[in-house]
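As they're listed, the protein sequences go chains A and B.
Those letters in the first sequence? Residues 1 to 268, per my numbering, in order.
Those letters in the second sequence? Residues 1 to 297, per my numbering, in order.
Please keep in mind that the hints were generated in silico from the structure rather than gathered at the bench.
Any given hint could turn out to be false.
Derived list of chain A stretches under chain B, where covered just means 3 residues or more per stretch with a C-beta under 8 Å from a C-beta of chain B [said to hold, decoys possible]:
1. 11-17
2. 37-44
3. 78-84
4. 204-213
5. 243-254
Cβ-Cβ distance ranges computed for the label pairs, FRET-style [said to hold, decoys possible]:
6. A:Pro49 x B:Leu32: 52 to 62 Å
7. B:Val113 x A:Leu87: 33 to 43 Å
8. A:Gln183 x B:Ser108: 36 to 46 Å
9. A:Ser165 x B:Val113: 27 to 37 Å
For each residue, glycine too, the CB sits at the ideal point set by N, CA and C.
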Amino acid sequence: MLRAYAICIYIFLYLPISLIVFFSFNAGKYAMSWEGFSLFWYGKAFSNPLIMGALKTSVIIALSTAVLSAIIGTLTALGLERVRGWLRVTFDALIYIAIMVPGIVIGISTLIAFVSLFDVVNPSLASMGIKLQMGTWAVIAAHVLFNIAVVALLVRARLQGMDRSLVDASEDLYATPLGTFRQVVLPLLAPSILAGFLLSFTFSFEDFIIAYFVSGPDTTLPIYIFSSIRRGVTPEINAVGSVVLLTSFVLLIIAQAVLRRGERTTPP
Amino acid sequence: MRGSRPGMMNLSMASTSRPKLVTTLLLLPAGLFFVFLLLVPLAVVLIFSFGERAPAGGYMPAFTLQNYMDLPARGKAFFNTLTLAPLGTLLTALFAFPMAYFLAVKVSPKWRVTLLILVMAPFWTSQLLRYYAWMMILGNKGIPGWLAMVGLDVRIINTPWAVLIGAVYGFLPLMVPPIYVSLEKLDKRLLEASADLGATPARTFWQVTLPLALPGVATGSMLVFILLMGDYILPQFLGGGKVFFIGNALVDLFLQSRNWPFGAAVSVALVAIMFVTIYVYMRFVLSKTDTRRAALV
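Take the sequences, apply the hints, and build the full model.
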């Protein structure tokens, strides 16, 4: 009986996703009435400059976010290992606040803080021909804030599970602190850093709500998809959606594989 | 990086300035992000919440509590969020438990992780697209359309039911893993002991399995609750403007009616409610079930 229940849950989880992929191959114009198999909408989507532009913006945002979050989050986890007391408590609190404050509030606060700042500085910058405004960079900044917290937690969990005797051994063998870091610590942390990188990329690539507030005149792929769903959908969106779904699935599976392989190489 | 002995590490940090410099450099980037992109902006929201709406929209400096007095004007959004978010969390936990139990107890160890990843995977794919699919399924051309053919007039989309279905669908992938983790750690010998002592399977379940799984249920529920409270897409797509959450009110206030001070007050209220709930929950539920760490990923 439990087995039947589990099968139902899998159908429940995957039916909607399959519907999107299924109708992306629809020859007809409407999202929900099947008129034969065709790759027409894929061609149409990939030659739509608006979709391609939004895709490019999203990839730039997600890549920058993932790189910056992986680096800064790892530095944070390493730094937190070295401190005790109020500084540690403060950082822990900030990490949890960054995760718990809803994305929509992060978007709002980033928007109004920067718009207020621009109102102050733009008049004096105008003489130099500079006008600051919201855009891709603001989306990256807000995404990095959240993902630093995620990467720091992942890497720290790994650091705490690390076998300290390896570091001691390296030091006993006269390795410099930097040498120990490069040759012992970094390889051990690599799986969690990579997993953090992939999760940050996925989060950033799929975020709608933060970008909706702070992207200014720039359009990301989720914003494009959102506005076309509102306008009434053509299978074009299903085609783009299928590609996006496939990409996230592949990234997720890689992240899981990497994390799990990392766990196996160092038994706790 | 170094220091198997914390005491030694502190000593060496105090006596030389180089490690201290390294620590500062390691924590500086995140510190800057937290200050300038989290604390300062949140402080700005707090300041704005005491201001007045400028005639053309936006913010005008003032000190008034009017925005907070006006909160009841958005009472419907608060009511919907504060009823449907906990209810959605509860339903998700109810549907997730048997699934987690199945994966942790009934499936052979060889397949466990693969099947678990299959449960988690949908969460990491576009929320927009998944709810868009549910718009089609629950919309007039979907299930209600088929039911209409046999003479049943059912409307699901744009009702609280649609939002609850969406909540279970959207957050089941997040709820199953923590419950799975606590059930997997469960010592099978306890179940055998319970059976040997003459307990019926049902009694073993209620008195042994369920209490041991509670930490996972508590962790998962907190994660789902946090995300549901601040959700926008789910009520937007499946509630269709009829069943709206605080998130929908915020988008309206900031991007359409441009009443920033009132929007700021709504944001402050949302964050305050969340933090109080989470604090109470951690204090009374998590401390009892003895899990403080949230299994995030």
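Verification of the hints:
{"no.": "1", "hint": "11-17", "in the structure": "holds (count 6)"}
{"no.": "2", "hint": "37-44", "in the structure": "violated (count 0)"}
{"no.": "3", "hint": "78-84", "in the structure": "holds (count 7)"}
{"no.": "4", "hint": "204-213", "in the structure": "holds (count 5)"}
{"no.": "5", "hint": "243-254", "in the structure": "holds (count 7)"}
{"no.": "6", "hint": "A:Pro49 x B:Leu32: 52 to 62 Å", "in the structure": "37 Å, violated"}
{"no.": "7", "hint": "B:Val113 x A:Leu87: 33 to 43 Å", "in the structure": "37 Å, holds"}
{"no.": "8", "hint": "A:Gln183 x B:Ser108: 36 to 46 Å", "in the structure": "39 Å, holds"}
{"no.": "9", "hint": "A:Ser165 x B:Val113: 27 to 37 Å", "in the structure": "28 Å, holds"}
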